[in-house]
Amino acid sequence: MDANTNKKIKNMEDQQHNRPWGVDLKAFCLLMHLAQFAGFIIPGAGIILPIVMWVTNKEQFPEVNAHGKNIVNWILSLIIYLVISFILMFAIIGFFLIFALIITNIIFIIIGAVKANQNEVWEYPLSIKFFK
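All residue numbers for the sequence shown refer to the numbering used here, where the first residue is 1 and numbers rise by one.
In short, the hints are calculated from the structure, not lab data. Heads up, a few of these hints could be off.
Stated by the list, open to error - Mimicking BS3-like on lysine-lysine, the simulated pairs with C-alpha atoms at most 25 angstroms apart in a straight line are:
id	residue 1	residue 2
1	K129	K69
2	K26	K69
3	K26	K58
4	K26	K115
5	K26	K132
6	K129	K58
As the structure is a computational prediction, the values presented were derived from the model and not from experiment.
Build the full structure now, drawing on both the sequences and the hints.
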């Protein structure tokens with residue numbers, strides 16, 4: 001192999017190391033938000049998948065860390081809000097709160113994904129800041 005070929009191979013290897021899970025960084029951040037939808041298909045996957053994506057790449061990529069913190073803050077906040085809503089089901093209002101939380105969650109996930117696609121870090125409204 002000549003020097004040019006070696007240089008191209010080295011450049012390709014460097015690019016692969018700068019890509020979380022072999023995916024473009026912007027796309028990876030977008031997928032972290034959309035991974036929450038996995039919970040609608042496989043119970044618990046919408047919680048576990050974004051957390052695994054964040055934890056495995058947060059040290060290497062500051063963007064992943066920023067998006068991941070916001071996503072995990074929202075997931076934990078949503079769990080707290082759902083527990084409170086289940087308790088309030090005895091007062092009937094809990095049913096409406098659960099419905100509102102599900103709709104809000106879907107909207108927030110979509111907004112977060114769109115903002116990630118625009119290279120913006122979007123903080124989920126109503127989320128408690130467990131991770132800063």
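Evaluated hints:
Taken as a hint, the K129 and K69 pair is honoured in the structure, with Cα atoms around 9 angstroms apart against an allowance of 25 angstroms. About 16 angstroms separates the Cα atoms of K26 and K69, which keeps this hinted pair within 25 angstroms; it holds. For the suggested pair K26 and K58, the alpha carbons sit about 14 angstroms apart, so the restraint of at most 25 angstroms is met. Restraint check for K26 and K115: the C-alpha separation of about 10 angstroms stays at or below 25 angstroms, so the hint holds.
For the hint linking K26 to K132, the alpha-carbon distance of about 21 angstroms falls within 25 angstroms, and the restraint holds. Taking the CA atoms of K129 and K58, the gap is near 17 angstroms; set against the 25 angstroms cutoff, the hint holds.
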